[in-house]
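Please build the complex by placing chain B on the supplied structure of chain A, with the hints as guidance.
Residues per chain are reported as follows:
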Amino acid sequence: MFRLEARPQPSVWWRYASPLLALGLTVLVGLTLFVLLGKDPLRGLQVFFWEPLRTPYALGELMVKATPLLLIALGLAVCFRSNIWNIGAEGQFVLGAITAGGVALLAGPDSGRWMVGAVLLAGIGGGMAWAAITAWLRDRYHANEILVSLMLVYVAVQLLAYLVFGPWKDPLGYNFPQTRTFEAAARVPRLFDGMRVHLGLPLALLAVAGVWVYLFRTLAGFAQQVGGLAPAAARYAGFSSRRALWVALLLSGGLAGLAGALEVAGPLGQLTPHVPAGYGFAAIIVAFVGRLHPVGMTLSAVLMSMFYIGGELAQSRLGLPKSITGVFQGLLLFSLLACDTLVAYRIQWRK
Amino acid sequence: MNSIARLELTDITKRYPGVVANDGIALTVAPGSIHALLGENGAGKSTLMKIVYGVVQADGGQMRFNGQPVTVRSPHEARALGISMVFQHFSLFDTLTVAENVWLGLDRHFSLREVTERIRAKASEYGLEVDPRQPVHTLSVGERQRVEIVRALLTQPQLLILDEPTSVLTPQAVDKLFVVLRQLAAEGCAILYISHKLHEIRALCHECTVMRAGRVVAHCDPTLESDASLSRLMMGAEPAVLPPPARAPGAVVLELQRLSLDSEEPFGTALREVALQVRSGEVLGIAGVSGNGQAELLAALSGEDRRAPSGSVRLGGADLSRAGPRQRRALGLHFVPEERLGRGAVPALGLAQNLLLTRDDAVGPLGWLRLGALRAQAEAIIARYQVKAAGPDAAAKSLSGGNLQKFIVGREIDGTPKVLVVSQPTWGVDVGAAAHIRSAILALRDAGCAVLVVSEDLDELFELSDRLQVIAGGRLSPSVPRAQATVELIGAWMSGLWQDQDKKESGHVQA
Numbered sequence: 083m084f085r086l087e088a089r090p091q092p093s094v095w096w097r098y099a100s101p102l103l104a105l106g107l108t109v110l111v112g113l114t115l116f117v118l119l120g121k122d123p124l125r126g127l128q129v130f131f132w133e134p135l136r137t138p139y140a141l142g143e144l145m146v147k148a149t150p151l152l153l154i155a156l157g158l159a160v161c162f163r164s165n166i167w168n169i170g171a172e173g174q175f176v177l178g179a180i181t182a183g184g185v186a187l188l189a190g191p192d193s194g195r196w197m198v199g200a201v202l203l204a205g206i207g208g209g210m211a212w213a214a215i216t217a218w219l220r221d222r223y224h225a226n227e228i229l230v231s232l233m234l235v236y237v238a239v240q241l242l243a244y245l246v247f248g249p250w251k252d253p254l255g256y257n258f259p260q261t262r263t264f265e266a267a268a269r270v271p272r273l274f275d276g277m278r279v280h281l282g283l284p285l286a287l288l289a290v291a292g293v294w295v296y297l298f299r300t301l302a303g304f305a306q307q308v309g310g311l312a313p314a315a316a317r318y319a320g321f322s323s324r325r326a327l328w329v330a331l332l333l334s335g336g337l338a339g340l341a342g343a344l345e346v347a348g349p350l351g352q353l354t355p356h357v358p359a360g361y362g363f364a365a366i367i368v369a370f371v372g373r374l375h376p377v378g379m380t381l382s383a384v385l386m387s388m389f390y391i392g393g394e395l396a397q398s399r400l401g402l403p404k405s406i407t408g409v410f411q412g413l414l415l416f417s418l419l420a421c422d423t424l425v426a427y428r429i430q431w432r433k
Numbered sequence: 013m014n015s016i017a018r019l020e021l022t023d024i025t026k027r028y029p030g031v032v033a034n035d036g037i038a039l040t041v042a043p044g045s046i047h048a049l050l051g052e053n054g055a056g057k058s059t060l061m062k063i064v065y066g067v068v069q070a071d072g073g074q075m076r077f078n079g080q081p082v083t084v085r086s087p088h089e090a091r092a093l094g095i096s097m098v099f100q101h102f103s104l105f106d107t108l109t110v111a112e113n114v115w116l117g118l119d120r121h122f123s124l125r126e127v128t129e130r131i132r133a134k135a136s137e138y139g140l141e142v143d144p145r146q147p148v149h150t151l152s153v154g155e156r157q158r159v160e161i162v163r164a165l166l167t168q169p170q171l172l173i174l175d176e177p178t179s180v181l182t183p184q185a186v187d188k189l190f191v192v193l194r195q196l197a198a199e200g201c202a203i204l205y206i207s208h209k210l211h212e213i214r215a216l217c218h219e220c221t222v223m224r225a226g227r228v229v230a231h232c233d234p235t236l237e238s239d240a241s242l243s244r245l246m247m248g249a250e251p252a253v254l255p256p257p258a259r260a261p262g263a264v265v266l267e268l269q270r271l272s273l274d275s276e277e278p279f280g281t282a283l284r285e286v287a288l289q290v291r292s293g294e295v296l297g298i299a300g301v302s303g304n305g306q307a308e309l310l311a312a313l314s315g316e317d318r319r320a321p322s323g324s325v326r327l328g329g330a331d332l333s334r335a336g337p338r339q340r341r342a343l344g345l346h347f348v349p350e351e352r353l354g355r356g357a358v359p360a361l362g363l364a365q366n367l368l369l370t371r372d373d374a375v376g377p378l379g380w381l382r383l384g385a386l387r388a389q390a391e392a393i394i395a396r397y398q399v400k401a402a403g404p405d406a407a408a409k410s411l412s413g414g415n416l417q418k419f420i421v422g423r424e425i426d427g428t429p430k431v432l433v434v435s436q437p438t439w440g441v442d443v444g445a446a447a448h449i450r451s452a453i454l455a456l457r458d459a460g461c462a463v464l465v466v467s468e469d470l471d472e473l474f475e476l477s478d479r480l481q482v483i484a485g486g487r488l489s490p491s492v493p494r495a496q497a498t499v500e501l502i503g504a505w506m507s508g509l510w511q512d513q514d515k516k517e518s519g520h521v522q523a
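Going down the list, the protein sequences come from chains A and B.
Final position of the first sequence in our numbering is 433; the numbers increase by one with none missing.
Final position of the second sequence in our numbering is 523; the numbers increase by one with none missing.
Here chain A stands alone, though its shape is the one from the complex (with noise of 0.2 Å):
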C-alpha cells in the first residue's frame, strides 16, 4: 500500500517532471488501445509521432495546426491565470473567422496588400467583441463567465452556419455551403513556396514573447496574476478586478479571434461550416500541459498539433476512427491533473 504525504514545498522537479510522466502514460495507454483494436502497436506509435516530423512539409503542416492552438492557448493562460475561466475560444475564434471572412468578402481582384491586415484585425476585433458579450454579462450582472463564454460558442457556430448557407453562400458554388474563396490580396502570405506555413507562425511566436514580457515583467500583469491568486490581495493592493477581467476576455478573445482570421484567411481561403475544428478547447488543454507559461505552451501546442495530425494519418493508415484524436488528448490532460498530483505530494510507501 502506499500514501500520499504533503511536500513542505512544492516540487520544482516534478512541475517540470509530471508533463513528461503524463506524455509517458499517454503513450502507455495509447499503445494498449492499439493492441486491443488489433493494429501493430509500433507502426500506431509511428503514425503519431514520426511521421509529423519525417518531412519538412509535415513539419510545415505540424506548425499550422500548432500556430491556432498556441495563440488561443497564450491569451487563456492570461484568464486562467487570472482566474477567469474563459472555456469559450472556440466561439472567439469562429466570430474572428466571421468578421475576418466578412472583410477578405470585400476585396476586389485589384486590392492592395494591405488588405491582410485589415482582414487580420477585423479577426481580432470580432474575437474581443465576442469576449466582451461575457465581460459586460460578468462585470454587470455577476454572469458565471464559463456557462455564458460555453453557450457563446454555439450561438457562434450557428451564426457562421446562417451566413455561409445564407446570405454569404457562394452564388457559383453549387449550392455549397460555403463562401466565394478570398482574392489573393485578402489571403495570408505564406512563408515558403510549396508548404502551407503561414505568417501566422512569426505572429504567434511574436505574441509568446508578448505575453511573457506582460505576465512576468509589467506591473499591470502581475496585477492581473495576483487577482487570480489572492483576491482579497489584490483589493488590498488596490489592483481592479474589473479591469483584470475585461484585459484578460479582451486580450484571450483578440487572440482566438485572430487564430481564426488567420485560418480562414490562411489554409481554409473561405468560410465553411467546418471553421470551427476544436482548436478553442484543445486549446485548453494546450494552456494546462504548457503549465500556462508561454514557453510550456510552446511545446504543448506542438504536441496537441501531433496528435491532431497523428490522428488525421490514424484513419487513412491504419483505418481508426476520427475520435482517436480527441482521446488522445483526453488522455494527455487526465494524464496530467493525475501526475501533478506528484507536485505538492511524494508517495509513501508502507508495508
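Since the hints were made in silico from the structure, they are not lab data.
Here a beta-carbon is modelled for each residue, glycine too, at the ideal position from N, C-alpha and C.
Do not rely on the hints blindly, as some may be mistaken.
To be verified - Covered, in the sense of this in silico footprint (three residues per stretch, anywhere, with C-beta under 8 Å from a C-beta of chain A), are these stretches of chain B:
1) 310-320
2) 325-339
3) 356-363
4) 376-384
Unchecked claim - If you want the ones that stay clear, here's a sample from chain A, every Cβ over 10 Å from chain B, calculated:
5) Trp-95
6) Leu-103
7) Gly-184
8) Phe-274
9) Ile-366
Claimed, not checked - Some chain A residues well away from chain B (every beta-carbon gap over 12 Å; in silico):
10) Glu-143
11) Trp-250
12) Leu-273
For chain B alone, coordinates are given in the frame of chain A:
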C-alpha cells in the same frame, strides 16, 4: 494530588521533513489542575497538543490517559476518551451555521434543535455571545473562537486543551472565562492552557511547562515566577525594552467625521457616526471585541471599501472617502491588515514579488518591473527587520507568522508613511517578533508618523497607544489618554457602555 495522572506523556517525538517538532517530550497533568504550556511560536506546543488530540500521530513515545496506555488515532477517539480541544486556528466549516458545526462534532443522537438549545444554554451560562443559527463565514475571528469554546464545553471534557483562548476576549470576558475554567478544574477536569500571556498564566495556572525548539526546557510553579523570569525561560533572553513615550503630538493628519456605513457582509456590523483624529507623532489605539465594526472601519480607512460618504475620511485636509488604496498610499496612508496570508501577502509568491502589492519603487515607465531593484529592496527589508526567510524569493507562505508579519510591517514602514493603520499587529506572533514589531511601530511614531492601531489585545494597546478609543456595535467611544485609561474602563466601554458626559470630557482631552 496523589491520584493517577489524568494525562501522562513520555518521550513523545514527532519529526516533520526538515524539522523535529517534538523531541522526547514528557508532560504530566493531574486531574483538576490547570497546566500551562508556554513557548514561542514554533516551539512545538501546537504539534504536541495535536498529538494528544489525535490530529497527528507521534513517531515515538507513549501516552497514558487516566493511567491507561492509549493510542489516539483521531480527534473522534480523543473526544470519546474525554479530551476536547479549542484550536488557535479554527476548525469550522464556513458554509455551515454555528449549530451545524457543533452538531458535526457531537454524538448523532441529538437533533439539531436540541443542539441549538444546548448551545444557547451553555453560551449564556458562560457569558459567551453566540447565535447558533448564524453561518460561520459571517463570523469574525473572535466570534469563531467563542463557538469553538462553547463546542468544547458541550462535550463535558475530562481534559480540555485551550490554545491561546483569550486573545479575542474582553478583560471582563477573560475574567469570566477564568471563573469557568477554575470551576471546571474544581469539578476535576484537567486543563492544558497554551498561551503567550505571561500574567494570565501566573493568574490562572497551577503548573507550567516551558518548551523551546521542540524540547521541554523547564517546569515551574507559575505563581512563584515573575513575567520576566517566565519570558526568560521561554525565550532564553530578555525581551526588547520599548522606548519611552514620544514628545507632544503634532497636527491632525487623519480624520474621520460622521462615518456611517452599512457593512458589505450580510451579518457584518454597520458603522455609526464614527469620528476620530490621529495626530502626527502619536499612536491612537482602537480596542474592542472583534466583530464590532473593526473590519468595516479598516476597509473604509484602507480604501478597500470606497462607499464612505464624501468628506468622512480626510488625510491632511484632502477628502479621501472615495479614493482607492493606491491613491491613499500615494498620499501617505499605509495599511497592515489582520490577515497576513491572502490579504497582506500572496501566499504562493516570493517576498520580493509581494513588495509590488504596495510599493512601486522598482516599477519603471510603462509599468516595467526592474527585478534586480525589486530583489535588492526585499533583501534590504529582510535585513533591516530581521526577517527569517530563505531569501527574497522565498514564498510568503513558507515564513512563520511572526516573520511574515515583520516583513509586511517593514514593507509598509519602509514606504515612509504619513499615516500607518495597523490591524492586530502581533496576533499569533511569538514574543520576540512581537516586541520587534512594536518597537518598530513606536520608532515610526517618534519619527512623526500618525499611527492607528486596531487590536483586540489590551496589553498591546496599553503598551503602544498614546490615546485609546473603543469600538462597540459599530460606534466609537470618546478617546481617553493612556495615563487615564484603566482596564476596567476600557472593558466597560467594550460592552458599549460609555456615558454622554464622556464625549464632553474627550472634547477637552483632545483639545
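Practice prompt. Mind taking a look at whether chain A covers the segment 356-363 of chain B? Criterion is 3 or more residues with CB to CB distance under 8 Å.
Written response: With 6 residues closer than 8 Å to chain A, the segment 356-363 of chain B meets the three-residue bar; holds.
Worksheet entry | Beyond 10 Å from each Cβ of chain B, as asserted for Leu-103 (chain A) | For Leu-103 (chain A), whose nearest Cβ neighbour in chain B is about 22 Å away, the distance exceeds 10 Å, so it holds.
Practice prompt. Please count how many residues of the segment 310-320 of chain B have a CB within 8 Å of a CB from chain A and say whether that reaches 3.
Written response: holds (count 3)
Worksheet entry | Reported absence of Ile-366 (chain A) from the contact zone with chain B (all CB gaps over 10 Å) | Since the minimum Cβ distance to chain B is about 22 Å, Ile-366 (chain A) lies beyond 10 Å and the statement holds.
Worksheet entry | Nearest-CB test (12 Å) between chain B and Leu-273 (chain A) | holds (32 Å)
Worksheet item: Is it the case that Glu-143 (chain A) keeps its Cβ farther than 12 Å from each residue Cβ in chain B?
Response: holds (39 Å)
Worksheet entry | Beyond 12 Å from each Cβ of chain B, as asserted for Trp-250 (chain A) | holds (42 Å)
Discussion item. Just to make sure I understand the rule, a stretch counts as covered if three or more of its residues have a C-beta closer than 8 Å to a C-beta of the chain. Does the segment 376-384 of chain B meet that for chain A?
Written reply: Result for this restraint: holds, n = 5.
Worksheet item: Is Gly-184 (chain A) truly not at the interface, in the sense that its beta carbon sits beyond 10 Å from all beta carbons of chain B?
Response: holds (34 Å)
Discussion item. Quick check for students: does the CB of Phe-274 (chain A) sit more than 10 Å from each CB in chain B?
Written reply: holds (36 Å)
Worksheet item: Does Trp-95 (chain A) really sit off the interface, with its C-beta more than 10 Å from all C-beta atoms of chain B?
Response: Given a closest Cβ separation of 15 Å, the condition holds.
Fill in: Annotated coverage of the segment 325-339 of chain B by chain A, confirmed only when three residues or more have a Cβ within 8 Å
holds (count 4)
Checked against the numbered hints given earlier, this structure breaks none of them.
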